[in-house]
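Now for the letters of each chain:
2 protein chains.
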Amino acid sequence: MSMLTSLSGYPEWLPEDQLVVQQVTELIRRKFELFGFAPIETRVVEPLSTLLAKGETDKEIYLLRRLQAAGDDDGDDKRVGLHFDLTVPLARYVLENRRQLEFPFRRYQIQKAWRGETPGSGRYREFLQADIDIIEGQHRSVSADVEIIQAVSEVMAALPIPPVRLHVNNRKLLEGFCLGLGIERITQTLRILDKLAKIGEQEVLGQLAAQVSLPREAATQCLALAGISGTSAAEVAGAVTALGVAHPLLDEGLDELASVLLACEGQAAAPVMADLSIVRGLDYYTGTVCETKFVQFPRYPTVAAGGRYDNLVADSAVSLPGVGMSIGITRILGLVLHEGLLRGSRKTPSCVLVALVSDERRGQSLGIARRLRARGIACEVYPRPVRYGQQIQYADRKGIPFVWFPPESGEGDGQVRDLRSKAQVSADEDIWVPPAEDLSARVIADGQALERVLATSPYR
Amino acid sequence: MSMLTSLSGYPEWLPEDQLVVQQVTELIRRKFELFGFAPIETRVVEPLSTLLAKGETDKEIYLLRRLQAAGDDDGDDKRVGLHFDLTVPLARYVLENRRQLEFPFRRYQIQKAWRGETPGSGRYREFLQADIDIIEGQHRSVSADVEIIQAVSEVMAALPIPPVRLHVNNRKLLEGFCLGLGIERITQTLRILDKLAKIGEQEVLGQLAAQVSLPREAATQCLALAGISGTSAAEVAGAVTALGVAHPLLDEGLDELASVLLACEGQAAAPVMADLSIVRGLDYYTGTVCETKFVQFPRYPTVAAGGRYDNLVADSAVSLPGVGMSIGITRILGLVLHEGLLRGSRKTPSCVLVALVSDERRGQSLGIARRLRARGIACEVYPRPVRYGQQIQYADRKGIPFVWFPPESGEGDGQVRDLRSKAQVSADEDIWVPPAEDLSARVIADGQALERVLATSPYR
Chain S
1 MSMLTSLSGY PEWLPEDQLV VQQVTELIRR KFELFGFAPI ETRVVEPLST LLAKGETDKE
61 IYLLRRLQAA GDDDGDDKRV GLHFDLTVPL ARYVLENRRQ LEFPFRRYQI QKAWRGETPG
121 SGRYREFLQA DIDIIEGQHR SVSADVEIIQ AVSEVMAALP IPPVRLHVNN RKLLEGFCLG
181 LGIERITQTL RILDKLAKIG EQEVLGQLAA QVSLPREAAT QCLALAGISG TSAAEVAGAV
241 TALGVAHPLL DEGLDELASV LLACEGQAAA PVMADLSIVR GLDYYTGTVC ETKFVQFPRY
301 PTVAAGGRYD NLVADSAVSL PGVGMSIGIT RILGLVLHEG LLRGSRKTPS CVLVALVSDE
361 RRGQSLGIAR RLRARGIACE VYPRPVRYGQ QIQYADRKGI PFVWFPPESG EGDGQVRDLR
421 SKAQVSADED IWVPPAEDLS ARVIADGQAL ERVLATSPYR
Chain Y
1 MSMLTSLSGY PEWLPEDQLV VQQVTELIRR KFELFGFAPI ETRVVEPLST LLAKGETDKE
61 IYLLRRLQAA GDDDGDDKRV GLHFDLTVPL ARYVLENRRQ LEFPFRRYQI QKAWRGETPG
121 SGRYREFLQA DIDIIEGQHR SVSADVEIIQ AVSEVMAALP IPPVRLHVNN RKLLEGFCLG
181 LGIERITQTL RILDKLAKIG EQEVLGQLAA QVSLPREAAT QCLALAGISG TSAAEVAGAV
241 TALGVAHPLL DEGLDELASV LLACEGQAAA PVMADLSIVR GLDYYTGTVC ETKFVQFPRY
301 PTVAAGGRYD NLVADSAVSL PGVGMSIGIT RILGLVLHEG LLRGSRKTPS CVLVALVSDE
361 RRGQSLGIAR RLRARGIACE VYPRPVRYGQ QIQYADRKGI PFVWFPPESG EGDGQVRDLR
421 SKAQVSADED IWVPPAEDLS ARVIADGQAL ERVLATSPYR
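Heads up: the sequence lines are chains S and Y, in that order. Anchor point for the first sequence: position 171 equals 171 in my numbering, and the numbering is continuous, going up by one each time. Anchor point for the second sequence: position 205 equals 205 in my numbering, and the numbering is continuous, going up by one each time.
So that you can see chain S by itself, here it is in the shape it has in the complex (with noise of 0.2 Å):
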């Protein structure tokens, strides 16, 4: 509802928001302990050749210098940037600490990362994600590939967010698919093929003419390709059988997706689902790729991405293959904040406020307060002693239920409001419970929003 952006591309939230945002997060960071992946953080910064030794992303990194530092002169092996993923830094953090790390590494991580892109819809400079990946030790398996996209099916679909489908594709099948073909500028014919949904199947047919001089039959190959999707492995796989092309590359990418889909179909989360027009930009990637978009507003960027890759954790002693998914938390709860489809319960964490008699009296309240905190109730007293009606409308205004209020007398038990009901009981600051439900802020899904957006939204 309230994403405050006084610099451009670098949400913010009030506390209300704030609530669910850590409510969600907390929510992903247990699913993914549950499934056994041990949390890592990494320093924010990276050496510039960390960040540049992969990919095509030179463009998008934020340098560090220190204001005072001594011109600009630091070499470039000096230079460090922030990391524009949680990816490259694992490389980095696994290859420095492999003898003291157990194989296959598998952790989660979740961070900011930065990127100094032009921002737009669920596009920040600064954004918040959630990442699992399983680095393995010699022996490759499909079946890391499986567990990770399971994983985020399952994390995904215990989210309070509108549903979400897994688009998995396999980096073989088409690097094989171009093999069969005789395509030679592999690299740049996918990297063509990847704006299919931006800029549609003319202006790709044009593009791969122009800039790979490719035949308008294997152009027109690649994009009955692109097309096949869906559920069923055997389907899948008649399809591209039947366009006719053979490479061992193909049918080994065509094993592994197929071993994906077999692993989830009838799962009881969110759905994954073949769609061979996915390439996933980074280079890095050397096998499984999958993005997630949302089923009901497939025009907004995708939301959980990942794949494996094979050579990313190498240097000269190892190489350590690798898969993984990031969750971009801050671009699902861009959509889901800002159209109000959840809130919190109310701005604070406080359930009950201690109202204040007088400043003679003040240690009573905080006496009550300190009593109700030990029990697990979040409290706080009133900082003036104002009228009660003036503390009942602070409380209101943030949306705590229960006001305390101390015994006139200054012994005994006092009594407690409830704002909603007004009804108010006399009560023992050492026995009394709220209801379970008013004992956290909650996260509240607002149906009616949800109508609204699937009239309204730019990303049906």
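No wet-lab data here; the hints were simulated from the structure.
Note that identical chains are pooled: a pair holds if it fits in a single copy or bridges any two copies.
Think about it this way: if two alpha-carbon atoms lie no more than 30 Å apart in a straight line, the pair counts; the simulated BS3-like pairs of lysine-lysine are:
| id | residue 1 | residue 2 |
| --- | --- | --- |
| 1 | K78 | K112 |
| 2 | K54 | K112 |
| 3 | K293 | K54 |
| 4 | K54 | K195 |
| 5 | K198 | K54 |
| 6 | K112 | K195 |
| 7 | K198 | K112 |
Fit chain Y to the supplied structure of chain S, relying on the hints for placement.
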């Protein structure tokens, strides 16, 4: 035990230590929420003009620049830098959003901050802070100071770390004392006094004479004031009065300090004492100031600090007084984890490793894992069908307490083995529960390590 610093000043941790960082952070968060502080996060960057508006911190700021930006010609008004604390961003956030916030605004904020300082013991370039602040409306009250100090005292006492003590002073007391002595260059005088612990009495006397031309007698009086400490409000006031200096601002500061001491007397949390040598460097403090130290490691830097700032949250339209403190999570855990005082009970959240019989029966192991997870038991499936001994070794190295063997026939109950007792029993994955203390990774305190550190630490 294992701080990883391939880039100086940027600490990273192994998973077993990150679990400690996370649990300590979560404990602080829960305590802050019990006190009715609401969460916010601010973007990590602020305009340079905001960062430089207050205080003497210009040497420490990291500026950002896009790698592909056209030259270095951004004007000062366009330049942004990483925040060096969470108080200056809070002030900016509150001013920007004041129409949507309720006052007093009670917020907590747990985020990293960055300073381009020379790294040293407990001094990092990237560090995690946990702040609470109360931004008052028009009505300023020392009861907010009391509340912040009591909250931090309770939080620190609840953490599984060596005991700490809060050292409290008041800037009005210091400034009033200087005014009473007829000192004109008060800021510079206090800045020199602030170095007392570092450089000693003789050097302070010398600098007070050389740099602010303070007469010997006034300088000696300042040192006498800085030597006063204690937990009794009456005794501290008596000691100050005995110095024979008088000024209304001194009395005001002494009254506020007394309020804090009286409120904290006899509370069951970390002790709070007056320590009139405390100045706090940052220019924005105007009343109560506080520094928290490890009692047994007085030479280790301050682990939590803050105070009152009545002019920081101000623009041409409003000025909102506030008070807050910041807990240095990285600094605390820098000592605690580095010395091995705490460690995680295992290297992963996994409570159970589900063994894999064969590739064909992978679905069976995945099904067992799914059912354990459905009941909140974190687990992972071993990825390859190697001999059980090897699978058990993997669990053992990661500290996973239980290994689950699927039924040999493929049906019926499996067996679960406790790797510590070697006891192995039949178990149904829909019923079996681990002992409560094994469900999640725990933080374990190592008493022997504390003995060793107390005997050898340079911070004694």
